[in-house]
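Student: The lines below spell out each chain.
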Amino acid sequence: MKKALALLVAFVLLPLALRALEQDFYISFASRVMIYALAATSLNFVLGYGGMISFGHAAFVGTGAYAAAILFAEGVASAWLAWPAAIVLAALAAALIGAVSLRTRGVYFIMITLAFAQMMFYLVNSLKMYGGDEGLTAVRRPEAWPLDLGDEVAFYYVALALLAVLLFALHRVSRARFGRALDAIRQNEARAEAIGFPVYRYRLACFVIAGAVAGLAGALLAAHGKYVNPGVLHWTQSGTLLIMVILGGVGSLWGGALGAAVLLSLEHFIADYPVPWLAALAPNYTQHAALAVGAVLLAVVLLAPRGIAGLLARPPRA
Amino acid sequence: MLELKALRKSFGALAAADGVTLEVRPGEVHALIGPNGAGKTTLVGLVAGTLAPESGEVLFEGRDITALSAHERVHAGLARSYQVTSVFPEFTVEENLALAVQARTGSSFSFWRPVAAEQALFAQARAVATQVGLGERAGLPARALSHGERRALEVGLGLATGARLLLLDEPMAGMGPEDSRRMVELIAALRGRVTVLLVEHDMDAVFRLADHISVLVAGRVIATGAPDEIRANPQVRSAYLGEELAA
Ligand SMILES: Nc1ncnc2c1ncn2[C@@H]1O[C@H](COP(=O)(O)OP(=O)(O)OP(=O)(O)O)[C@@H](O)[C@H]1O
Ligand SMILES: [Mg+2]
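Chains as they are written, first to last, in our numbering: chain A, 337 to 654; chain B, 98 to 344.
One chain only, chain A, in its complex shape (with noise of 0.2 angstroms):
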C-alpha cells in the first residue's frame, strides 16, 4: 500500500518534471499508456482473475470508444455524458455477447469470443453515416466541465485518476466474497458449483464489468486521440491487449498496466529510435517492432510464467 502510494505521487509529478524538461509529447504519451493499461487491466479480471480466455475483449473498447466518438458527432460534447453512455453500452455488449459465449468452454469460448468481436468490425466498417472503414475524426476533445481535456496535463490527471480507482477497486474486489468465488471457480469450476456457487453468472458478472472498464478505456482512447476507426476493433487489438496481460502478469494486479507500458514503450522506441548498427543490417527493421516485441513476449513466457510483476514481486508466500 504503502508503495502503491509512493507511485501514485510520482506519478502525480510525471507531467509536471516532463513540463519542465518540454517534453510535452510523453505527457501524451503517458495517457496513451495509462488508457491502455485501463483496457488490459479489464481483460486481466476476466483472464487471470475470471481464468477465461477471451479473445474478443477489443469489441468493447470498440463499442466504447465508436459509442463516445458517434455521440460528440451528434452534437454530445459533454464527456460526462458520452462516457458513461459509453460504458453502458460496452456493458450490454458484453452482457449478450458473454451470455452467449459463457455457455462454451476452452477453445470453443476463445472462437466465440473472437468471432463475436469480428461482427462487430464488420459492423462498424458498414456504418457509412459515421466514416465506415475511414472512421470518425473530431476537430476536438469533449468538455469535462470543470476540467479542460484539451489541456495534455488535465487529460493525463484524468486517464491517471481512473487507473488509480481501478487498481484500488480490483485490489479490493479480488479479496472482497465476489473476487473470492471468482478465484474459486478460476481454480476448480466443478468443485464450485458443487459447493453451491452459481458459476455462470459469477463468470458473466466479471466479464460485463470487464466490459464497462473497456468500453471507458474505448470513449478516452477516442476522446485522446480525437479519432477512431473500426481498427479498434480488429482482432488484433484483441491480441495486444492479452499480449499486454501475458506481459505483466496473468492474475496480478499490475500485470495489465505492466504490459501496457512495455509494450507501448517497446513499440514506440523501437520505431522512433532506431540503433545504427541493426539499421545497417536490416534497413528497415523499425517498421517491424511485432518482432521485438515476438521476441520480448518469448522471453518473458519462457523466462518469468508470471509476467513482469511476477519478476518485481518477492518470491511468493508458502
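Just so you know, not all the hints are guaranteed correct.
Ranges between beta-carbon positions, derived for each pair [unchecked claim]:
id, chain 1, residue 1, chain 2, residue 2, range
1, A, Ala649, B, Ala323, 51 to 61 angstroms
2, A, Ala435, B, Phe108, 27 to 37 angstroms
3, A, Val424, B, Arg122, 25 to 35 angstroms
4, A, Ala342, B, Gly203, 45 to 55 angstroms
5, B, Ser152, A, Ala435, 26 to 36 angstroms
6, B, Gly203, A, Val424, 39 to 49 angstroms
7, B, Leu156, A, Ala635, 52 to 62 angstroms
8, A, His507, B, Thr227, 24 to 34 angstroms
9, B, Ser107, A, Gly468, 50 to 60 angstroms
10, A, Ala435, B, Arg288, 39 to 49 angstroms
Going by beta-carbon spacing under 7 angstroms, a handful of chain B positions derived as facing chain A [what the hints assert, rightly or not]:
id, residue
11, Val212
12, Thr258
13, Arg261
14, Phe304
Read the hints as simulated data drawn from the structure, not as lab findings.
The C-beta atom is built at its ideal place from N, Cα and C for all residues, glycine as well.
Fit chain B with the ligands to the given chain A structure using the hints.
Tutor: Chain B with the ligands alone, transformed into the frame defined by chain A:
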C-alpha cells in the same frame, strides 16, 4: 429424505442408470455398493445435479428437485464429494472450507468488504477442519496435503456447505488402513446429524457404517436391505459380494 424414481441416464448405448429407484431415510448412513462401472458415480451425479437424467425424478425432503441445477441443490441442502479428489489447490484448508461456508451464508455478490474480516466465516471453517481431523493443517495450501488429508478435506467441503444430505463417492479411495480407520470414525460421527449416501468399495467399512445397503449392478438396483439381508442375499452374493466376502 431422498427418493429416486426410475432414474435413467445413458452414455451412448450404455445405460449407466437403468431405471434406478431408491429411498434414503433421514439420519441414516445408506451405502451404495456395486462392481466397477456399475453406475455408482453416475448416480451420485444425477442426485447432485451435475448430470441430467433422461427420465425419472429426484425427490429431496418431499420436493421434486429434478429440474434444479447443481448449485441450487446445494442450497436445497444436498452436497456431494468426488471419487477423484476435487478441492481448491491454491487455497489453504481453512480458505477452502470458508469458501463453502461463504456459498451458504449471505450474498456472495459483495465487492468491497474483505473476506478476511469475516470472523464468523473462518470460525465455522476451523470448526469443520477440526471435525475432519485437519485442525492442525488448517493453514496449509490444499496442494501441500497428503492424499489422506485431501480426502478428508473433500468430505469437509461437503460438510461446510451445511448440507443435510451428503453424497460421499468412495471417501476411502486410495487410502491406507490408518487413514481409512479415521474416515470410518468421521462418518460414524455424522450419523444422526446428517444423512449420508455412501458409495464405497471397502466392505468392512460399509458393513460397519451402513444402516441400509443398496446393490447396484449394470445401472440397476438388484437389492436393498439391512446389512444382514444383503450379506445373505444369494443374488447379491453371486453378482458381487461372493468374491469380496470370500477374500
Ligand atoms: N461421462 C461419461 N461418458 C461416457 N461414459 C461414461 C461417463 N461416465 C461414466 N461412463 C460409463 O458409465 C458406466 C458407469 O460409470 P460410473 O463411473 O458411474 O461407475 P462406478 O460404479 O462409479 O464405477 P467405479 O466403481 O469404478 O467408480 C461405466 O461403464 C463408465 O465407463
Ligand atoms: Mg465411481
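Student: Sort out which numbered hints this structure fails and list those numbers smallest first.
Tutor: The structure conflicts with hints 3, 4, 6, 13 and 14, although it agrees with all the remaining ones.
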